[in-house]
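Undergrad: These protein sequences, in sequence, are chains H and G.
The first sequence begins at 1 in our numbering and counts up one residue at a time.
The second sequence begins at 1 in our numbering and counts up one residue at a time.
Just so you know, these hints were derived from the structure itself, not from any lab.
A couple of the hints might just be wrong.
Stated by the list, open to error - Cross-link-like lysine-lysine pairs, in silico, BS3-like; alpha carbons within 25 Å at most: (1) G:K106 / G:K146; (2) G:K114 / H:K2; (3) H:K5 / G:K324; (4) G:K114 / H:K5; (5) H:K5 / G:K175; (6) G:K59 / G:K315; (7) G:K324 / G:K229; (8) G:K315 / G:K3; (9) G:K3 / G:K136; (10) G:K114 / G:K146; (11) H:K41 / H:K52; (12) G:K78 / G:K59.
As the list claims (entries may be wrong) - Listing some non-contacts, in silico: residues in chain H with all C-beta distances to chain G over 10 Å: (13) M1; (14) D11; (15) F16; (16) P18; (17) T20; (18) P28; (19) I29; (20) L37; (21) E43; (22) K58; (23) M71.
Virtual Cβ for every residue (Gly too), placed ideally from N, Cα, C.
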Amino acid sequence: MKVRKNIAISDSGFLFNPTTGDSYSVNPIGQEILQLLQDEKSEEEIMEHIAKNYMIDKDTVEKDLYDFLNMLQNYQLIV
Amino acid sequence: MKKPKYTIAVTGLNAIDSPGPGIAVIRALKEAESFDVRIIGLSYESLEPGIYMHDLVDKTYQVPYPSAGQQVLFERFKYINSIENIDFLFPNFDAELFNYISIKAKFESELGIKMELPTQEQFDARHKVNLYEYGKEHGIDVPFAKMVYSTAEIPAISTEIGYPLVVKGKFYDAKIAYSVEQAQSHFNKISAQWGLPVLIQEFVHGSEVNVCGIGDGNGVTLGAVPMRKLFITDKGKAWAGVSLDDEKLLEITKDLVAATKWNGPFELEFMKTNDDQYYLIEINPRFPAWCYLTVGCGQNQAEALVNHAMKQKVKPFETYQVGKMFIRYSYDMVLDMKEFEQISTIGEL
């Protein structure tokens with residue numbers, strides 16, 4: 001999965017989709033996941049990164065990550 | 001090189017909650033880099049806010065309503081022009097365009113006043129009652145629509161296009177109906193206010209996107225900026241919007257201008273569906289009230305249009321800034337009753 005190339009993400013976690021005009025705010029973890037997606041990390045790598053850095057079990061991370069990715073997909077922010 | 005100074009007359013000074021485009025056009029003209037400008041405001045009502053905005057409007061004259069006819073309009077302009085020597089005129093209301101299009105050649109030859117307007121054919125063909133046919137002719141998707149003259153015609157159309165459907169006035173107003181009863185009620189209200197026929201249009205799900213642009217009359221788009229409304233008032237007017245990066249929409253716009261050889265300013269209103277289909281829902285043959293955003297995006301379209309009329313070489317704008325926003329605001333001006341008295345009694349301020 002990749003972040004659409006024209007999506008602008010600011011340091012404050014503000015996202016702007018210039019094709020639709022929609023804007024969103026994400027929290028620091030959401031921002032971190034988007035950064036990892038932009039760095040072309042796989043879903044497995046993202047899961048491991050989050051589980052390791054935040055000391056959460058992988059099952060919980062997996063569930064939350066897919067929820068988040070589904071939401072990003074619904075908003076046409078990732079392909 | 002010394003810049004020329006033009007005297008430009010502008011209508012649509014009603015900067016109210018459903019604003020006319022006049023003030024936005026004037027702000028664009030005031031920021032023109034290629035010429036200086038004296039602005040002559042043209043008003044219909046004494047309470048149009050632009051009349052009193054003296055930092056933007058140098059002098060205002062009342063003009064007759066369009067229903068007074070072209071001869072009365074011409075006589076009034078003869079008087080105004082004898083004082084102001086107007087170079088260019090920006091009509092900004094749909095309802096006044098018929099007169100100005102008809103009288104355009106006479107204004108230019110006898111008064112020396114230039115205008116950039118669509119031709120009568122272009123103006124008529126894009127009218128919302130003809131838009132479905134217009135779209136078919138130029139290969140653009142337009143929601144199916146039919147003119148109706150009585151509520152009895154609605155059930156047959158609704159079986160064809162289903163619910164919800166849109167009930168539209170000939171000139172203004174649009175309401176969504178979810179049942180035949182609601183459609184008939186909307187029909188009655190709209191026909192009472194705007195007359196017959198009323199338009200019944202297929203409802204397209206999606207988000208509305210608009211384009212503000214100018215055509216050179218030979219098929220070239222001199223400028224175009226797409227925008228999505230971010231906040232809409234109860235009258236359906238944009239209170240905030242943002243410029244978009246939408247290649248497909250620009251392509252459709254350029255194709256339409258090329259096919260129709262549109263002359264002058266325009267606003268295209270589209271519905272964009274979730275599967276990225278664009279349906280043209282309206283063509284406004286004038287600048288929209290949000291046209292000042294185009295200046296903020298790097299396209300001073302009003303300036304370009306004046307230069308085009310003045311036979312200056314105008315290079316089509318190729319780029320604009322994406323993600324520029326506009327937000328409107330209300331502002332109370334405090335003024336002396338004397339000013340209101342003067343425009344109300346003498347018709348000039």
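Undergrad: Work down the list of hints and note, for each, if the structure agrees.
TA: Hint by hint, here is what the structure shows:
Restraint check for K106 (chain G) and K146 (chain G): the C-alpha separation of about 36 Å exceeds 25 Å, so the hint is violated. Distance check on the hinted pair: K114 (chain G) and K2 (chain H) sit about 53 Å apart at the alpha-carbon level, beyond 25 Å; violated. Distance hint between K5 (chain H) and K324 (chain G) is fulfilled; the C-alpha atoms sit about 19 Å from each other, no more than 25 Å. Distance hint between K114 (chain G) and K5 (chain H) is unfulfilled; the C-alpha atoms sit about 45 Å from each other, more than 25 Å.
As the CA atoms of K5 (chain H) and K175 (chain G) are separated by approximately 38 Å, the hinted pair breaks the 25 Å bound. At most 25 Å may separate the alpha-carbon atoms for a hinted pair to count; K59 (chain G) and K315 (chain G) exceed this at roughly 32 Å. Distance check on the hinted pair: K324 (chain G) and K229 (chain G) sit about 12 Å apart at the alpha-carbon level, within 25 Å; holds. For the hint pairing K315 (chain G) with K3 (chain G), the CA-to-CA distance comes to about 18 Å; that is within 25 Å, so the pair holds.
As the CA atoms of K3 (chain G) and K136 (chain G) are separated by approximately 45 Å, the hinted pair breaks the 25 Å bound. The straight-line distance between the Cα atoms of K114 (chain G) and K146 (chain G) is roughly 37 Å, outside the 25 Å bound, and the hint therefore fails. In summary, the hint linking K41 (chain H) to K52 (chain H) is supported, as the alpha carbons are separated by about 15 Å, within the 25 Å threshold. For the given pair, K78 (chain G) sits about 16 Å from K59 (chain G) by alpha-carbon distance, which is consistent with the 25 Å threshold.
With a least beta-carbon separation of about 20 Å from chain G, M1 (chain H) lies farther than 10 Å from that chain, consistent with its non-interface assignment. At the 10 Å boundary, the C-beta of D11 (chain H) stays outside the reach of chain G, the nearest C-beta of that chain being 16 Å off. Not every CB of chain G is more than 10 Å from the CB of F16 (chain H) (nearest about 6 Å), against its label as outside the interface. With a closest Cβ-Cβ approach of about 4 Å to chain G, P18 (chain H) is found to fall inside the 10 Å limit, against its non-interface label.
Listed as a non-interface residue, T20 (chain H) fails to keep its Cβ farther than 10 Å from every Cβ of chain G; the least gap is roughly 7 Å. P28 (chain H), annotated as away from the interface, keeps every beta carbon of chain G farther than 10 Å; the closest lies near 23 Å. Listed as outside the interface, I29 (chain H) is consistent with that label: its C-beta sits roughly 25 Å from the nearest C-beta of chain G, beyond the 10 Å cut-off. Chain G leaves L37 (chain H) outside its interface by the beta-carbon criterion, the shortest separation being 20 Å against a cut-off of 10 Å.
The non-interface label for E43 (chain H) is consistent with chain G: the shortest C-beta to C-beta separation is roughly 25 Å, beyond 10 Å. Taking the minimum C-beta to C-beta distance to chain G, about 34 Å, the non-interface status of K58 (chain H) holds against the 10 Å cut. Against chain G, the non-interface label of M71 (chain H) holds: every CB pair exceeds 10 Å, the least being about 16 Å.
Hints 1, 2, 4, 5, 6, 9, 10, 15, 16 and 17, counting from the list given before, are not met by this structure.
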